[in-house]
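Engineer: Protein sequences, first through last, are from chains A and B. Just so we're aligned, residue 420 is where the first sequence starts under the numbering used here, counting upward by one. Just so we're aligned, residue 420 is where the second sequence starts under the numbering used here, counting upward by one.
Since the hints were made in silico from the structure, they are not lab data. A couple of the hints might just be wrong.
[Stated by the list, open to error] Covered stretches of chain A, as calculated for chain B (at least 3 residues, CB under 8 Å):
1) 542 to 554
2) 605 to 615
3) 631 to 644
[Said to hold, decoys possible] Subject to a maximum C-alpha distance of 30 Å in a straight line, what follows is the list of computed DSBU-like cross-link-like pairs (lysine-lysine):
4) Lys685/B with Lys759/A
5) Lys685/B with Lys560/A
6) Lys706/A with Lys690/A
7) Lys560/B with Lys535/B
All C-beta atoms in this analysis are idealised placements derived from N, C-alpha and C, irrespective of residue type, glycine included.
There are 2 protein chains.
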Amino acid sequence: MIEITLILDNKNSKPMYIQLANHIKQEILCGRIKPNEKLPSKRNLANHLGLSINTIQSAYEQLSAEGYVESKPRKGLFVTTVNHDLKINQNQSCEKVDSKTKLIQEKPMIDFNSGKVDLQLFPYSIWRKLTLQSLYEDEGKLFYMGNPQGEVNLREQISAHLYASRGVRCSPEQIVIGAGIQVLLGLLCLIIGKEHTYALENPGFHRTRITLQDLGVQTVPISLDEDGINITHLKKTDANVVYVTPSHQFPNGMIMPISRRMELLKWAEEKNRYIIEDDYDGEYRYKGKPIPSLQGLDKNEKVVYLGTFSKSLIPSIRISYIVLPSSLLNRYEEHFTIYKQTVSRLHQDTLFRFINDGHWDSHLNKMRTLYRKKHETLTSAIKNLLGEKVKVIGQKSGLHIVLEVKNNMNENELISKAASKGVKVYPLSIYYQDGLQSKVHRILLGFGGLTETEIHIGIRLLKVAWEL
Amino acid sequence: MIEITLILDNKNSKPMYIQLANHIKQEILCGRIKPNEKLPSKRNLANHLGLSINTIQSAYEQLSAEGYVESKPRKGLFVTTVNHDLKINQNQSCEKVDSKTKLIQEKPMIDFNSGKVDLQLFPYSIWRKLTLQSLYEDEGKLFYMGNPQGEVNLREQISAHLYASRGVRCSPEQIVIGAGIQVLLGLLCLIIGKEHTYALENPGFHRTRITLQDLGVQTVPISLDEDGINITHLKKTDANVVYVTPSHQFPNGMIMPISRRMELLKWAEEKNRYIIEDDYDGEYRYKGKPIPSLQGLDKNEKVVYLGTFSKSLIPSIRISYIVLPSSLLNRYEEHFTIYKQTVSRLHQDTLFRFINDGHWDSHLNKMRTLYRKKHETLTSAIKNLLGEKVKVIGQKSGLHIVLEVKNNMNENELISKAASKGVKVYPLSIYYQDGLQSKVHRILLGFGGLTETEIHIGIRLLKVAWEL
């Protein structure tokens, strides 16, 4: 068994499990713990270090999440064959340390993850107060099963908010709440029908594609032009359902102009055609005038609108929703109310109170200002430091941009060179149905979870990494 | 527009919306509001009565849940064609009342709903305290997206609990948490494969059948004998996956004996065969010795165990889980971690604390005692009052029984006669794949949500209703 021995620092501002995970990570990076070696069992290591099993677990989970170790069912946790690009601090900190007396400091990784949001400004105390109100309310009432569509009062708030901020016209009866877009897409696909062909933006949101394909649905990739999905291409296919992200195309970031929206709605006028409009981060727009949602422009009840509180509120409470046009609402009511609501009724009630008391609007305003500043920092750092050697794509809204890098490196090289300087950037190829890795000289930069300083440092490091 | 006018009583112990719903219900039952009439819009009625829109909503939702009204999309709320059997209080309370000065008192309905649980003994204050701890913990950490399988510390607690109380042997790595059995069954069906034929108990749990069929999976109904699923019948089909409820067959209630369990495990030894063991209320057993779960008896990694906190803790927080054998776990890890966790991370953390601090065990013990008393009250009331004219089926465990009534009434008659005396009992035919309504002289009685007094009154009323 590998021996892991270190003295953890109680006064260190980092939690114990992070200190432990960092120590093990360092041992792996320095080669003192070898690939394919088995880590001690949680119980053994807990006894050995005098720590709780939970601390060990959390450390192991962290290592696993970062890809340093992987679990083999019923066998245990094993060190992965570490990508050597990850060994970023080898020179600095792999001196022969005595881990009993010295704690390893690791350079922070600047992570341009597009799924991260900033929770620094989240009004925790208000949320706690409202959570308690939900728990005290009519003791126990909210503990019994609720409406399969979700709580009426929350749906009323969502409906009012959608009208005011996104131009979506719907009654609360048309809204179905669910625990995330994947759950709701699964349901929606059953309501619309699995026998149809679903057209998807290419590149597009990979979770949608995989969810639909896993359900056994035929999908067809549709190319994009500068205005979004290519209608000429769409018309050539036998698809009668199309999934689009018009407010901020994922991942390319263009905003679909009104003319293209009207063309798409025109396409959908045919019998049995539907548009699924995913407005995953439409709250955040930095340039240009607001364009009404497809749902708001639709006169023929052809658009299903999808929204989420993950980007704009709290990712981990898992509250999303779909707005059904009347023909699909009828089908839902006839058959699908047998599917129980998937979101906790208590969270629904707390969110209702949060919106009802005006906190949601003021939080959104604060976040818009914050993200606008981060966005400006990012785009001006790119302009000043990387200049003509890169092209920024899709910068008018949302929490990420796409960067085309003109240095002849392919996607893999761009990512691994960045990692060698401690910067994590993300591939674009996974969003293509056919995974066009080599052709793409582009990567994805999310900025929601980084501070302005981190964004600055990140871009400076990328300049060096990519030799620009 | 219908005119609805009444004076609500602030000092009445019933909430306003209940008073309003009761009033409208009475007006419908007395025929003063006619079938197919449209109710006023929420806004209009709120203005008219000087109440909040929320109160009107809640009242309308209540009426809708009870089947008195139904919403037609974009048209409004309409009075349904009320079953005349429901007009239970017509004689007593349909005198020409002046609703402006008198509030209608309605007789309580005794509802033998099998989905109800008793939350009287739920330790609300502890749950509140732990919820606050989760919200304060490492500010914000729990607000970011967590592990797709669910929190490690909660999975550790579940794994320990399952071993101690249900004989399930698993590591936390094998557990996937999800927002309800329907979500998890959908995922499981993708992991196992939709190309297989799934055998289902007949009668059996209708939500499982519908979930699988909606996914496009071939299902085959398998008859039951007194020990549970009929293995001879199962062997004659081409099914290679079987879904069973061995701890307490739903709805018939038999506990599968060890010999049948071994036979079923033997059947599953063939390549690509799996057993899905749904232990939905296995915590509650009143007679006989505990029998280990199929998962615990399985030597060949052929059993997927399904569990839920809905029956034993709080229905509305939506926490269930599956335990995957290693071959399926591999498939899950290869492809399905792209599906995000559907349960709120905060609730997962609170539940972890609740179990970790021992509250779960003590709550379960209290609930076992409580349900045992209710169960005794029910079975002895049936024995004393209904005697030889009925047969009780499946009374050794769980929160419901099946009653066979020997008075030549069919299911519909049994239900409507009971309703005419203010007692709600439930059909068994919906649990048959082929809906054998007329042949069945049986109904379902759930007792979890009723007090002992209500159970007594309910059985007395059934004696009269069914002329026993």
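Engineer: Taking the hints in turn, state whether each one holds.
Structural biologist: Outcome of the hint check:
no., hint, result
1, 542 to 554, "holds (count 6)"
2, 605 to 615, "holds (count 3)"
3, 631 to 644, "holds (count 3)"
4, Lys685/B with Lys759/A, "violated, 34 Å"
5, Lys685/B with Lys560/A, "violated, 46 Å"
6, Lys706/A with Lys690/A, "violated, 36 Å"
7, Lys560/B with Lys535/B, "violated, 34 Å"
This entry does not satisfy hints 4, 5, 6, 7, going by the numbered hints stated previously.
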